[in-house]
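Listed here are the chains, written in short residue letters.
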Amino acid sequence: MNSPRASDTATRVRGLAGTGKIVDVLAPLVAVLAAFLVGGLVVAAIGESPLKFYSTLFRGAFANADSVGLVLFNATPLIFAGLAVAFAFRAGLFNIGGEGQLYIGSFACTWVALQLPGAPRVLLIPVLILASAVGGGLWAAIPGYLKARFGVHEVINTIMMNFIAVGLTSYLVIAIFKEAGQMTPQTATIPIAGELPRLAYFFQSLGVPLPAANPLNASFLIALAAVWLAWFILHRTTLGYEIRAVGHNASAAEYAGINVRRTLVLAMVLSGAFAGLVATNEVMGFRHRFLDNFSSGIGFMGIAVALLGRNSPLGVLFAALLFGVLNTGALEVDVFTDVPRELILVVQAVTIILVVVGNEIVQRRRGRGAALTPRSEAASIDRDGSAEVS
Amino acid sequence: MFELVVLDSALRMATPLILASLGGLFSERSGVVNIALEGILLTGAFASILATYYTGDPWVGVAAGIFAGILVSLIHAAVTVIFKADQIVSGVAINLLAAGATQFLTWITWGSSSNSPPVGGMARWSLPEAWGPVARSINVVIGHYPPLVYVALVAVAVAHVVLWHTPFGLRLRATGEHPAAVDALGVSVRKMRFAGVLLSGALAGLGGAFLALNTHQFVKNMSAGRGYIALAAMIFGKWNPVGAALACLLFGYAEAVQMGLQGQHVPSQFVQMIPYVLTMVALVGVIGRARPPAALGKPY
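Chains A and B, in that order, are what the protein sequence lines are.
According to our numbering, the residues represented by the first sequence are 1 to 390, in order.
According to our numbering, the residues represented by the second sequence are 1 to 300, in order.
If you're looking for bench data, these hints aren't it; they were derived computationally from the structure.
Please note that a few of the clues may not be correct.
FRET-style restraints, in silico, Cβ to Cβ [as the list claims (entries may be wrong)]:
no.	chain 1	residue 1	chain 2	residue 2	range
1	A	Phe232	B	Ser114	39 to 47 Å
2	B	Asn221	A	Ala34	20 to 28 Å
3	B	Thr215	A	Ala44	28 to 36 Å
Partial chain A-side listing against chain B, Cβ under 7 Å, derived [unchecked claim]:
no.	residue
4	Ile46
5	Gly167
6	Ser170
7	Ile303
8	Pro340
9	Leu345
10	Val346
11	Ala349
12	Glu360
Listed next, the in silico DMTMM-like pairs over lysine to aspartate or glutamate satisfying Cα-Cα at most 20 Å (straight line) [stated by the list, open to error]:
no.	chain 1	residue 1	chain 2	residue 2
13	B	Lys191	B	Glu177
14	A	Lys52	A	Glu360
15	B	Lys298	B	Glu177
16	B	Lys220	A	Glu360
17	B	Lys298	A	Glu179
18	B	Lys84	B	Asp183
19	B	Lys84	A	Glu360
20	B	Lys84	B	Glu177
21	A	Lys178	A	Asp292
This structure is a prediction, so every number in the text was calculated from the model and none was measured.
Even glycine gets a Cβ: it sits at the ideal position worked out from N, Cα and C.
Take the sequences, apply the hints, and build the full model.
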C-alpha cells in the first residue's frame, strides 16, 4: 500500500526519453515545423502575411549581436527549468513544480545575499549559487519524500507546492523583506559582490559587438555547465544509473538491490536544484533582487522544453535555445506586425501536443516492443545489477 | 469573518470551482487526469463573453462557454484516449494553448491583449410579482444569486445520481478502476473515457462562463489557477461530487475571506494557501486517505 508506485510512472518515461537514434532529432524537428505551419495558417486566417510574420520573428532573434545575446539570455532560465523536468523524468517522476522550486531557490539566494553584505566576491558567488540550488532542492524534496514514503503522486503535490511557494515568497517579500520606502513588492538589491558579471565586455574583447546594456550574463555559462552536469550525473555516476534504472522499471531496480525510495527522493532533490538555479539568471545576473511574482511561468515552460528535448540534457539545451528564439522574436513581431505576440504561445503549445502525439505514432508504427528501450535495460539490470550497482 | 456578506461571496467564489471540479470528477472517474481544467475554464470564460458580446444574450454566452469547453476537452480526449499520449503533458499543453489562444483572440476581436469590453450580466431568476406573496417569497430565494449558482448546486446532485445510481455512472467508474474488465464486458473503454472527458469539458466550460459573466467581461488569464484549485477540491473531496462541492465551498470561503483581508495586517497569502496545504495533507492520509481511481492516468 505504501510502496512507491514508480513502476506506474515508468510507463510514462517510455519513449519520452531519448533512444539515441536519429528519430530523437527528427521527430521534434518535424513537430516544430508542423507547429510553425499551424502558426502560419493562423496568421493567414487573420489576413496577415505568414512570410512577413516569420521573417520578422527571425529578424528579431538574429538581426545583430544584441538580439542573439537576448536569445541566449531568454534561453538561460528555460535551460535550468527544462533540465529540472528532464532529470526527474528519467527517474519516472513528473516534476511540475519547477515554478515553485525556482521561486524558493530565488528567494533563498536573495535572502542569503542580504545576510552577507560584506562578503568577498570569490566567497559570495559560490555560496549564492549553492543557496539557489539548495532552496529549490529542499522544496522539491517534500513531494519526493511524500512519494517515496506514502506513495502520493508527485504531480498533484508539486502543483500544490507551486501555489504555496508563490504565496510564501509573496508574504515574505511584502511583509518582511520589502525594500524600505518602495511600493513595488521587491526586496532590496543584493550586494554587488553577489552579482554575476554581464558577458558584454567579454564578447567585446573577442570583437563581438554585444552592447553593454545587453542582459546576457554569466548565468548562461552556469546553464551550460548544468547541462554537462546533468548528463554527467545521469550517465557517469552510480546515482545516475540508479535513477535511470528506477525510471525504466522500478520493480526490477528494487530487485537488483537499488534503494528505490532513496533514489526517488534524490532525483527530486537534484531536479529541484536545477530549477532553483534559475535564480542565478533572474536574481544574480539580472534583477539583483527578488521581485514578487517575477517568473510568469518559466517552470511550466520547462516542461515544454524538456519534452521537446526528449528529456536529454543536450536536447534540453537546443529546445531552450529554440524557445529563446521564439520569445525574443515575439517582441519584434509585436512591434512590427499586426499579429499579437501571443501567437507564439499558441505555436509553442501546438509543438508540445505534436511532439507527444508524434511520439506515440512513431512508437505504434515500430511496434511497441521494438521501441521499448526501458524493457531491455531493465532486463540487463536483472542480469548484472549486483555488479553494476554498488 | 463569518459575516453573511463573506458567506454570500463564498458561494459565488465556489460556483466556478464546483462546476470545474465536477468536470474533473467525471474525467478522472473514467481514468483520465484532467489538468486541462484550467485551460478549459479560461476558454469557456472567453467564449461566453464573445458570444454575449455579439448576441447580447448571456444565455447564448453560457451555451458558447459549454461548447468551447467541449471543443477543448475534445483535444484532450483525442490526444490521451486515441493517441494514448501522456495525460499530464496534454493538460499542460492545453493550458498553454488556452492562455495563448484566448489572449490572441481577445486582441483580434477587441484590439486589446488584456480584456474585453464589459457585457451585460445574467438577469436573476424571478416569478412575476403579480402572482402574489408566495411568488415574492420564492423570488427572495431564487433571485438572490445569479442563476448559474443554482445550476451548480443542482449539478452536484445530478452528478451524484449519475455516478452512483445509473448504469452509465457504474460503467464510467469501472473504466477508471479496471478498464480491462469493462472491455471484457463489451463496453467500449474509449467511448466511456471520451464521455468522461467531454463531460468535464462541458462542466468546466460552464464554470468559465459563470466566472466571466459574473465579472461582466473577459480578462486575460482570469482563471488564475482556479482549475488547479478545482482539481485540489476534487481530491480533497475524495473523488466524490458532494465531497468535492463541500471542498469547493471551503476553498471559496477561503478566497472570500482572503479578499476581505487584503490591505489588513493578517497575511492574506496564508489564507490563500489553505486549499493547497489541505489537499497535500489529505493525500498523505492524515484526515482519511484520499484514494484515486486505480487506473487513473494509465492509457488503455
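Here is what the structure says about each hint:
For the pair phenylalanine 232 of chain A and serine 114 of chain B, the supplied restraint of 39 to 47 Å holds, since their beta-carbon distance comes to about 45 Å. Judged by the Cβ atoms, the range 20 to 28 Å given for asparagine 221 of chain B and alanine 34 of chain A holds: they are separated by roughly 27 Å. For threonine 215 of chain B paired with alanine 44 of chain A, a C-beta distance near 33 Å keeps the hint of 28 to 36 Å intact. Hint status for isoleucine 46 of chain A relative to chain B: holds, with the closest Cβ pair at about 6 Å, below 7 Å.
The closest approach between the C-beta of glycine 167 of chain A and any C-beta of chain B is roughly 4 Å, which is under the 7 Å cut-off, so the hint is satisfied. Nearest Cβ of chain B to the Cβ of serine 170 of chain A: about 5 Å, under the 7 Å cut. The hint holds. Interface hint at isoleucine 303 of chain A: satisfied, since its Cβ lies 5 Å from the closest Cβ of chain B, which is below the 7 Å cut-off. For proline 340 of chain A, the suggested interface contact is upheld, since its CB lies about 4 Å from the closest CB of chain B, less than 7 Å.
Interface restraint check: leucine 345 of chain A against chain B, minimum CB-CB distance 3 Å, threshold 7 Å, status holds. The interface hint given for valine 346 of chain A holds, since its Cβ lies 4 Å from the closest Cβ of chain B, which is under the 7 Å cut-off. Here the hint on alanine 349 of chain A is kept, as its CB sits about 4 Å from the closest CB of chain B, short of 7 Å. Residue-level restraint check for glutamate 360 of chain A holds (minimum Cβ-Cβ distance to chain B is 5 Å; threshold 7 Å).
Proximity of lysine 191 of chain B to glutamate 177 of chain B is assessed by CA-CA distance (about 15 Å); at most 20 Å being required, the pair is judged to hold. In summary, the hint linking lysine 52 of chain A to glutamate 360 of chain A is not supported, as the alpha carbons are separated by about 34 Å, beyond the 20 Å threshold. With a C-alpha separation of about 10 Å, the suggested pair lysine 298 of chain B and glutamate 177 of chain B falls inside the 20 Å cut-off, and the hint holds. Of the supplied pair hints, the one linking lysine 220 of chain B and glutamate 360 of chain A is violated, its CA atoms being roughly 33 Å apart against a limit of 20 Å.
Of the pairs offered as hints, the one joining lysine 298 of chain B and glutamate 179 of chain A is violated, with about 49 Å between alpha carbons and a cut-off of 20 Å exceeded. For the proposed pair lysine 84 of chain B and aspartate 183 of chain B, the alpha carbon gap of about 16 Å is at most 20 Å, so the pair holds. For the proposed pair lysine 84 of chain B and glutamate 360 of chain A, the alpha carbon gap of about 7 Å is at most 20 Å, so the pair holds. Proximity of lysine 84 of chain B to glutamate 177 of chain B is assessed by CA-CA distance (about 17 Å); at most 20 Å being required, the pair is judged to hold.
In summary, the hint linking lysine 178 of chain A to aspartate 292 of chain A is supported, as the alpha carbons are separated by about 10 Å, within the 20 Å threshold.
Comparing the model with each earlier hint shows violations of hints 14, 16, 17; every other hint is respected.
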